[in-house]
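Protein chains: 2
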Amino acid sequence: MTNPTAAMLVIGDEILSGRTRDANMHHLAGQLTEHGIDLREVRVVSDDRDAIINAVRALSEAYDTVFTSGGIGPTHDDITADCIAAAFGDGIGVRADAAALLQAHYDRNGQEFNEARQRMARIPDSATLIDNPVSVAPGFTLKNVHVMAGVPSVFQAMVASVLPTLTGGAPLPSESYRINRGEGDIAGPLGDLAKAYPDLSIGSYPFQKDGKYGANIVIRGQDGAMVAAALSALKDAFPE
Amino acid sequence: MTNPTAAMLVIGDEILSGRTRDANMHHLAGQLTEHGIDLREVRVVSDDRDAIINAVRALSEAYDTVFTSGGIGPTHDDITADCIAAAFGDGIGVRADAAALLQAHYDRNGQEFNEARQRMARIPDSATLIDNPVSVAPGFTLKNVHVMAGVPSVFQAMVASVLPTLTGGAPLPSESYRINRGEGDIAGPLGDLAKAYPDLSIGSYPFQKDGKYGANIVIRGQDGAMVAAALSALKDAFPE
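Each protein sequence line maps, in turn, to chains A and B. Count the first sequence with this note's numbering and you get residues 1092 to 1331, in order. Count the second sequence with this note's numbering and you get residues 1092 to 1331, in order.
Incorrect hints may have been included.
Chain copies aren't distinguished; within one or between two, either way the pair holds.
Stated by the list, open to error - Here are the computed lysine to any residue pairs in the SDA-like style, where the Cα-Cα straight-line distance is at most 20 Å:
(1) Lys1234 with Thr1256
(2) Lys1286 with Asp1168
(3) Lys1286 with Asp1173
(4) Lys1303 with Phe1204
(5) Lys1286 with Asn1205
(6) Lys1286 with Leu1325
(7) Lys1234 with Gly1259
(8) Lys1303 with Arg1199
(9) Lys1303 with Glu1331
(10) Lys1300 with Gly1260
(11) Lys1234 with Ile1221
(12) Lys1300 with Glu1105
(13) Lys1234 with Arg1148
(14) Lys1286 with Met1317
(15) Lys1234 with Gly1182
(16) Lys1234 with Ser1151
(17) Lys1326 with Pro1289
(18) Lys1234 with Ile1183
(19) Lys1303 with Gln1247
Derived from the structure by calculation, the hints contain no laboratory data. Model, not experiment: these values are computed from the prediction.
Could you put the whole structure together from the sequences, leaning on the hints where they help?
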């Protein structure tokens, strides 16, 4: 598989405390799969300077592209932009291009572009801005890291801004098949199938519903005809 | 803050492909917070041997306790148990105690305890079993790592089995207050409050609802009276 690789870094105490259930990981995962980019790892860390810097560096080195969510608002606990700048040794300050966007927005709404809001224009010197059609305050891209908001509607808008700029691979052909039997009954023939098709990725995702067990089998691979052949063999082994 | 620390490792291609939305992280986060254990980091990795081994080692070294979810079923892609054994240099095989539990279960249900199902009795030599009242196949604890199933109902049952065995801290006193104004209006006074109470953790979690902006402010700290005083000051600054 030669698709580009990606990782995500979710920044936020509220996820780790169980206060908020993260929605951005699931959204990004689906978008990247459609775009032919392999999401290989996600990390969730707290609003802690060292934790953010270390995670960004590690993920930026290990994967082609990194997406972050959270911590770019105007309050004192929004430290992501400063951490990203520090992670790459870049300078940071209120940038004229970001400030102009925000100034115009607050002028239109008759609100004051106060010191707190100016914090949202703190962008690393070498970064390019990510458009935010929802609430104006921009995200930014520095090196291979795309820094986006944590509020889901804004995060999703920023993903939509960034994705067309990225080179994706071919979305991997995949087929799925639901078998209403426990994995213990499926595993033998499924293991044989996986051995017969070593170039395919064959995953078994068990579920439990109304006290009954079953599994969704997902077959993925570069070669669509081979995926279809494996699916056909699976259906023969486990007729509906 | 002296509470014990924890990390979670979610193992599963299905989360990273966007096929399944993870539910276990949110459940565990809430349970640990109630139990006075600080969840500091979560990682999600694919069903890949090196990725699992490296993540388990890193998290086991960095935190007091690690919880994993996923990859302990009977199918060929369930490689978690073998990876955990490898991460700690432990042996692994079908263990008599786990096999006896499963054998009795399948005897009761008139099902065959076949080779695939025996895979669920593969447990590292030095591990202790985690009770699974939902579907019998046990999880296990090796060193400071608790290895649990990915199916949410089973994961939750295993968390309930493990948590009483862990030493928790005092749940941190916390108060939250909802302000129906944008963070840009809140940030200045909130930053002053954070400076006035350096021993407290004061977080601002923005939301957007029906086109309006607001934020939930969460104040946490060891000293309940100090938390109450800060909440009172916050309410004075932003009356309802």
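A quick look at each hint next to the structure:
no.: 1; hint: Lys1234 with Thr1256; verdict: within (14 Å within a copy, 45 Å between copies)
no.: 2; hint: Lys1286 with Asp1168; verdict: between (51 Å within a copy, 12 Å between copies)
no.: 3; hint: Lys1286 with Asp1173; verdict: between (49 Å within a copy, 19 Å between copies)
no.: 4; hint: Lys1303 with Phe1204; verdict: between (58 Å within a copy, 18 Å between copies)
no.: 5; hint: Lys1286 with Asn1205; verdict: between (63 Å within a copy, 19 Å between copies)
no.: 6; hint: Lys1286 with Leu1325; verdict: within (13 Å within a copy, 63 Å between copies)
no.: 7; hint: Lys1234 with Gly1259; verdict: within (17 Å within a copy, 41 Å between copies)
no.: 8; hint: Lys1303 with Arg1199; verdict: between (58 Å within a copy, 16 Å between copies)
no.: 9; hint: Lys1303 with Glu1331; verdict: within (16 Å within a copy, 49 Å between copies)
no.: 10; hint: Lys1300 with Gly1260; verdict: neither (35 Å within a copy, 36 Å between copies)
no.: 11; hint: Lys1234 with Ile1221; verdict: within (13 Å within a copy, 44 Å between copies)
no.: 12; hint: Lys1300 with Glu1105; verdict: between (30 Å within a copy, 18 Å between copies)
no.: 13; hint: Lys1234 with Arg1148; verdict: within (11 Å within a copy, 29 Å between copies)
no.: 14; hint: Lys1286 with Met1317; verdict: within (13 Å within a copy, 62 Å between copies)
no.: 15; hint: Lys1234 with Gly1182; verdict: within (14 Å within a copy, 43 Å between copies)
no.: 16; hint: Lys1234 with Ser1151; verdict: within (8 Å within a copy, 30 Å between copies)
no.: 17; hint: Lys1326 with Pro1289; verdict: within (18 Å within a copy, 63 Å between copies)
no.: 18; hint: Lys1234 with Ile1183; verdict: within (14 Å within a copy, 43 Å between copies)
no.: 19; hint: Lys1303 with Gln1247; verdict: between (36 Å within a copy, 17 Å between copies)
Of the numbered hints given earlier, the model fails hint 10 alone.
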